[in-house]
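Peer 1: Take a look at the letters that make up each chain.
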Amino acid sequence: MLTQIRKGVLELCILALISNGEKYGYEMIRELSSRDGLVTSEGTVYPILNRLGEEGLVSTVWRESSRGHPRKYYCLTEKGKERLMVYSQQWRVFSAAVDQLLKESGF
Amino acid sequence: MTWEDSRLIQEYMSTLEQSLADMPYSKVKEFLLDIRRHIEEGLERESSLDVAQLLERLGSPQDLAEEFRKEVHTEERIREEQTTYAGIPAWVVLVTLIFVFPIGLILLWFSPLWSRRSKVIATLIPAVGLILFLAIGLGGFYGYNFSKMTFVGAFNVSPFPTFPRPVMNAAPRVFVLMLTVLAVFSPVISVIYLGANLPSLRKRRELSSA
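Protein chains in written order, with this note's numbering: chain A, 264 to 370; chain B, 744 to 953.
The following block holds chain B by itself, in its conformation from the complex (with noise of 0.2 Å):
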């Protein structure tokens, strides 16, 4: 391959990039290696193919990121077919999810709406809240008997046998509270999460920051 040659398909390339600038860039950065590859498999194959040729053959790349809109968006308006079609409406999944959440769970997963990724978050949100739960309420039982021995144990030695306690136990009180409260509504973070996540939701973001 000659220095033009190189020239032209990287020419190619950086038209093809900036005029899919606006595009989401993990399908824009699939579609490059794509056309990357085609390039390098033509000339690799046909030996006798010049550059100009097979560029020609791939098409302008302004035609090329006029079809791969269309097909990004065929793609959005598939989903969106397909979230209609799946009967179950999102508010439904989203207050089950608060008041019965393992049913809500099932619901959520069944669901069409939310990308997997977003399925994988909104579940471990709450198992994380179950397990910081747990922790608490295990900390709490063995934080307490441990005080209590403390203080039970000071009480005959220590010339100051109250002093240790409220000074130790009014900060971490506070804290296991507040862990509580999180774990306790973890679900909720978890609702929260989905709403904003929404498929209509993000497109009108993407629609207003373009």
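So here's chain A without its partners, still in its complex pose (with noise of 0.2 Å):
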């Protein structure tokens, strides 16, 4: 059941990852997963970060690392940025409201 809310909390949580400022994918994936129960497998990771750039909300740009590979950064576009303060806001009440219910309800 929670596979769904998780996929768009990964979503919140990718957005608000690059929001203060650029980040490749394998560094962003870690520090996702380095929190529990964000992330079950770091693969499922990219096609959403892909989807998230034809949407127009993420850019990408390939760098090179310091011992010469290249890596795709990703950076918040500026409709990224409305988009994460959208949702930032709606999450805020969503996770007040269910607080709230389990606790009337002894949870």
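Check each hint, because a few of them may be wrong.
Said to hold, decoys possible - A few chain A positions that, by computed beta-carbon distances, are all more than 10 Å from chain B:
#1 Cys276
#2 Gly284
#3 Tyr287
#4 Gly288
#5 Ile292
#6 Glu318
#7 Glu327
#8 Pro333
#9 Glu341
#10 Leu347
#11 Gln352
#12 Arg355
#13 Leu365
#14 Glu367
As the list claims (entries may be wrong) - Label pairs and their calculated CB-CB ranges:
#15 Ser791(B) / Gln352(A): 38 to 48 Å
#16 Lys344(A) / Thr923(B): 47 to 57 Å
#17 Gly284(A) / Glu819(B): 27 to 37 Å
What the hints assert, rightly or not - Calculated pairs, PhoX-like style, for lysine-lysine (alpha carbon to alpha carbon, straight line, at most 20 Å):
#18 Lys286(A) / Lys342(A)
#19 Lys813(B) / Lys770(B)
#20 Lys286(A) / Lys366(A)
#21 Lys270(A) / Lys344(A)
#22 Lys270(A) / Lys813(B)
#23 Lys335(A) / Lys770(B)
#24 Lys772(B) / Lys813(B)
#25 Lys286(A) / Lys344(A)
#26 Lys335(A) / Lys862(B)
Bear in mind the hints are in silico, worked out from the structure with no lab data behind them.
C-beta atoms are modelled at their ideal positions from N, C-alpha and C, and glycine is treated no differently.
Relying on the hints, combine the two individually framed chains into one complex.
Peer 2: So, in structure tokens, the structure goes:
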């Protein structure tokens, strides 16, 4: 049941993670999976990143690492910033409502 | 990296590629590259990590393929939602393109129905048509003067004054006529091209080929 919610939240987390500067895939995914319960299979983040790119929420740029390997960096676009504002607002309302309901039900 | 490690990676990648064989190639290629770079990056940064662990963290190729499919479908759905939201139906854009080409062109470029590639092609076809049309116009003008001059010249000098004219002009005239028709109707060619590349038709084609 939680897979659908997790995916939506993951999208929000991705946008938030790159809101303070660009990150490359591996870096971002390690940060995500260092938090419990956010990512189950690390590889599944890439199709989401790709779709966010198609939607114009993130843009990508290739840069060379210090060891000379190319890395694809993801950064937030203006549209992505707007979306992040909306999503984070919605998430706060949503999670507060669920918390409240669970508390009232004694869980 | 041992021989066994590279075999594991190779196996993983080819299973993933096989399970996405029916998906759009450019997208699959990009995805495979992302995964490959992820593996390389992981091995480079965390030397204590063994390949089996890294691949397990990535998820099974089947899981990744399933997620990839879902995302590509979501992407298509979002594009369709955007197209209905945008308001201007495809047929309005196409009809305007035929009758008031410049306005149609503006509508086309604002429409999310077509990819940028299709828009560029649909704009270039009439642009080439226009250049062709101008070239024919100018060429016809000079050609006419030129033939008149030689005709006049020939009339004075040659014993067969009327001989070269019909022979030289008959073939080019048909050719010029064909080019003119092509040039004038190039917006129509654009419209046919755009019609064939409508998202709904494209999807139906993909479904029937799958």
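Peer 1: So, for every hint listed, does it hold in this structure?
Peer 2: Checked hints:
A cut-off of 10 Å between C-beta atoms confirms that Cys276(A) is not in contact with chain B; the least separation is 16 Å. Residue placement check: Gly284(A) keeps its beta carbon more than 10 Å from all beta carbons of chain B (closest about 18 Å). Against chain B, the non-interface label of Tyr287(A) is violated: not every CB pair exceeds 10 Å, the least being about 8 Å. Consistency note on Gly288(A): stated as away from chain B, yet its beta-carbon is not over 10 Å from all of that chain's, at 6 Å minimum.
For Ile292(A), the requirement that its beta carbon stay farther than 10 Å from each beta carbon of chain B is not met, with the minimum near 7 Å. Here Glu318(A) does not stay apart from chain B, with its beta-carbon only about 6 Å from theirs, under the 10 Å limit. No beta-carbon of chain B is positioned within 10 Å of the beta-carbon of Glu327(A); the least distance is around 13 Å. With 10 Å as the threshold on Cβ separation, the claim that Pro333(A) sits away from chain B is violated: the shortest Cβ distance comes to roughly 8 Å.
Residue placement check: Glu341(A) keeps its beta carbon more than 10 Å from all beta carbons of chain B (closest about 17 Å). For Leu347(A), the condition that its CB be more than 10 Å from all CB atoms of chain B holds, with the nearest at approximately 17 Å. No Cβ of chain B comes within 10 Å of the Cβ of Gln352(A); the nearest lies about 21 Å off, and the non-interface call holds. A cut-off of 10 Å between C-beta atoms confirms that Arg355(A) is not in contact with chain B; the least separation is 24 Å.
The non-interface label for Leu365(A) is consistent with chain B: the shortest C-beta to C-beta separation is roughly 29 Å, beyond 10 Å. With a minimum CB-CB distance of about 34 Å to chain B, Glu367(A) clears the 10 Å threshold, and the non-interface call stands. Range check, Ser791(B) to Gln352(A): about 41 Å between beta-carbon atoms, so the 38 to 48 Å window is met. Between Lys344(A) and Thr923(B) the C-beta distance comes to about 52 Å, which sits within the given range of 47 to 57 Å.
Taking the beta carbon of each, Gly284(A) and Glu819(B) are about 31 Å apart, inside 27 to 37 Å as hinted. With a C-alpha separation of about 18 Å, the suggested pairing of Lys286(A) with Lys342(A) holds against the 20 Å cut-off. For the hint linking Lys813(B) to Lys770(B), the alpha-carbon distance of about 13 Å falls within 20 Å, and the restraint holds. With a CA separation close to 37 Å, the supplied pair Lys286(A) and Lys366(A) exceeds the 20 Å bound.
For the hint linking Lys270(A) to Lys344(A), the alpha-carbon distance of about 19 Å falls within 20 Å, and the restraint holds. Simply put, Lys270(A) and Lys813(B) have alpha-carbon atoms about 11 Å apart, close enough for the 20 Å limit, and the pair holds. Annotation: proposed proximity of Lys335(A) to Lys770(B) holds, straight-line Cα distance about 15 Å (limit 20 Å). For the proposed pair Lys772(B) and Lys813(B), the alpha carbon gap of about 17 Å is at most 20 Å, so the pair holds.
Between Lys286(A) and Lys344(A) the CA atoms are separated by roughly 15 Å; this keeps the pair inside 20 Å, and the hint holds. Under the criterion of a C-alpha separation no larger than 20 Å, the hint pairing Lys335(A) with Lys862(B) is inconsistent with the structure, at around 28 Å.
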